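Student: Here is what each chain is made of, one letter per residue.
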Amino acid sequence: MSVIVSQLTKTFGNQKAIDNISFEAKKGEIVGFLGPNGAGKSTTMKIATCYTPPTSGTVTVCGEDILTSPIEVRKKIGYLPEHNPLYLDMYVHEYLKFIGNLHGLKGSMLKNRIALMIGMCGLTQEQNKLIGTLSKGYRQRVGLAQALIHDPEVLILDEPTTGLDPNQLVEIRNLIKEVSQDKTVIFSTHVMQEVQALCDRVIVINQGKIVANDPIKELKAENNKINKVTVEFAKSMAIEKLRAIEYVNKVNQLSETKYALFSDKAHDIRATIFELATKESIPLLGMNLEEESIEQVFQQLTNPEK
Amino acid sequence: MYSIFIKEVNYFLNTLIAYVVISVFLIAIGLLMWVFPETSVLTYGYADMETLFAFGPYVFMFLIPAITMRMFAEESKNGTLELLFTRPLTDWQIIIGKYLSAYFLVIFALIPTLLYYYTIYQLGSPVGNIDTPGVIGSYVGLTLLGGVFTAIGIFSSAITSNQIIAFITSVFMCFMLYAGFTSLSSMNVFGDMAPLIEQLGISYHYNAMSKGLLDSRNLIYFFSVALTMLLFTKLTISSRKW
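Protein sequences appear in the order of chains A and B. If you count the first sequence from 1, position 224 lands on 224 in the numbering used here, and the numbers rise without skipping. The numbering used here runs 1000 ahead of the 1-based position in the second sequence.
By construction, these hints were calculated from the structure, which means they are not laboratory data. Just so you know, these numbers come straight off a predicted model, no measurement behind them. Hints may contain errors.
As the list claims (entries may be wrong) - Example chain B residues on the side facing chain A (calculated, C-beta under 10 angstroms, incomplete):
1. TYR1002
2. SER1003
3. LYS1007
4. ASN1014
5. GLU1075
6. GLY1079
7. LEU1084
8. LEU1089
9. ARG1240
10. LYS1241
Where a beta carbon is used, it is the ideal one built from N, C-alpha and C, also for glycine.
Excised from the complex, chain A in its bound form (with noise of 0.2 angstroms):
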């Protein structure tokens, strides 16, 4: 296990910012750290990369303790703040020079880990501007690169997929995806479909407690009890016909002739509803099973009272 965190609490006065948290993450993993903003994400992963101390329990490295060897902790992880904070006033260049000595590159070694960053994340064009005059998504792949540079066991990016455009989101994603075989990935992220794109496993995090830790298909197969079903037809309904069906629980008018039925996730109502519309001889005109999404998963387990 490359990233181990065991009971951690972390209070700012009285209010729990992380409550007594463990999960363990292992090697060519991607982990997806997803949550309500508020929820703890980002202060956990303060925690693990030795900025702030947790008020208990701890966080082990790969093999090193967050509290008794930060800076061998340190060395090992490869760190994306959120906001991805970078000196505006240096060249790109520059820039991953500065973090690569930080971390002890030196000589031709650094050249060629600058090199190397510069080509993967896709900065050759950038290289010798200032960070200040790029635009949003090449800041991001400084930010990444500079992550990178010392070749990290573990990698820690805290939203790094923020206000990026959809191909800049796709270039990132395939890039996160390609770093991740040999090592640990953890990033937070309040985007679902980088989750399902992305993640090998989800730990959703809510009020500072866990409320889900598994891989990304039982999540959804286990939240996931409701079947609905959305029909058109070429003239209105009666509503009551479609609630007599049976296994039907709720009936809503989307419009004139369109509803949507909920049943539950055991039986399939789409052949009755069939038959239904051939009995009124009203033609039907479209018929949709929705899957239940990552996102109403993500509601249900982060507000139930919904």
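Dock chain B against chain A, hints included.
Tutor: The following block gives chain B in isolation, referenced to the frame of chain A:
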């Protein structure tokens, strides 16, 4: 530590801060020493460098806080401090790296004034009629004073994320430490304590050194004040962990 030092020195050079600071210092001191009739050596008629050593601390009082005010304040505002704190660096390495880079600039500004010494040495009648030990003592004093001011500047930059507050705090602290204690001690309320209070200030030790006598007590005073300020900086920086 070395990388931080290089980074900060590069910053000074890239942003013209270094050139502005050095030229302002030299122009100000040069005007006072050679042009303004009230303070000019030429009209004064004595071959000494008193003007440089009397006004130097006051010029430093404004220039050094201007150099140091961004050191921690700017980084904490931009969030880049988090970047530094999550690299394999100790807090001391960051502080000392930044301190040395600012101090380096201060010393660099001071070096060209050695030319004044040579000029006055040549202008003296007979040539070389200048109190060389006194000048050496004063230079050591001014260098150490620069070190103390830099430490104060670094400290005030660490306590706030606002550069203007950092600047004003450090100007005030430099002034109080340099001239404040001497002036306080002349108040008629301290009685026997007065000499002790005077000794807390920089100017007492600075003036003692300008006589050409490098007393270890004065040296220890400068080193301990600078060290105390850096220690306070370390405490402030580490307070994020409390």
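Student: Do the numbers back the hint for GLU1075/B, that is, is its least Cβ distance to chain A under 10 angstroms?
Tutor: Where the cut-off is 10 angstroms and the nearest Cβ of chain A is about 8 angstroms from GLU1075/B, the hint holds.
Student: Using the nearest Cβ pair, does LYS1241/B come within less than 10 angstroms of chain A?
Tutor: Constraint on LYS1241/B satisfied, holds at 5 angstroms.
Student: So, ASN1014/B near chain A? Judge it on the closest CB pair being under 10 angstroms.
Tutor: It holds, given that the least Cβ distance between ASN1014/B and chain A is near 7 angstroms, below 10 angstroms.
Student: Once the shortest beta carbon distance from ARG1240/B to chain A is found, is it less than 10 angstroms?
Tutor: Holds. Min distance 7 angstroms.
Student: Do the numbers back the hint for LYS1007/B, that is, is its least Cβ distance to chain A under 10 angstroms?
Tutor: Interface hint status for LYS1007/B: holds (5 angstroms vs cutoff 10 angstroms).
Student: Min Cβ distance, SER1003/B to chain A: is it shorter than 10 angstroms?
Tutor: OK, holds: SER1003/B within 10 angstroms of chain A, min 4 angstroms.
Student: Interface hint check: LEU1084/B, Cβ to nearest Cβ on chain A, cutoff 10 angstroms. Holds or violated?
Tutor: Because about 8 angstroms separates LEU1084/B from the closest Cβ in chain A, which is inside the 10 angstroms limit, the hint holds.
Student: Using Cβ atoms only, decide whether TYR1002/B comes closer than 10 angstroms to chain A, and label the hint accordingly.
Tutor: This interface hint holds because 8 angstroms falls under the 10 angstroms limit.
Student: So, LEU1089/B near chain A? Judge it on the closest CB pair being under 10 angstroms.
Tutor: holds (6 angstroms)
Student: Closer than 10 angstroms between Cβ atoms is the bar; does GLY1079/B clear it against chain A? Give me holds or violated.
Tutor: Holds. Min distance 3 angstroms.
In this structure, every one of the numbered hints holds.
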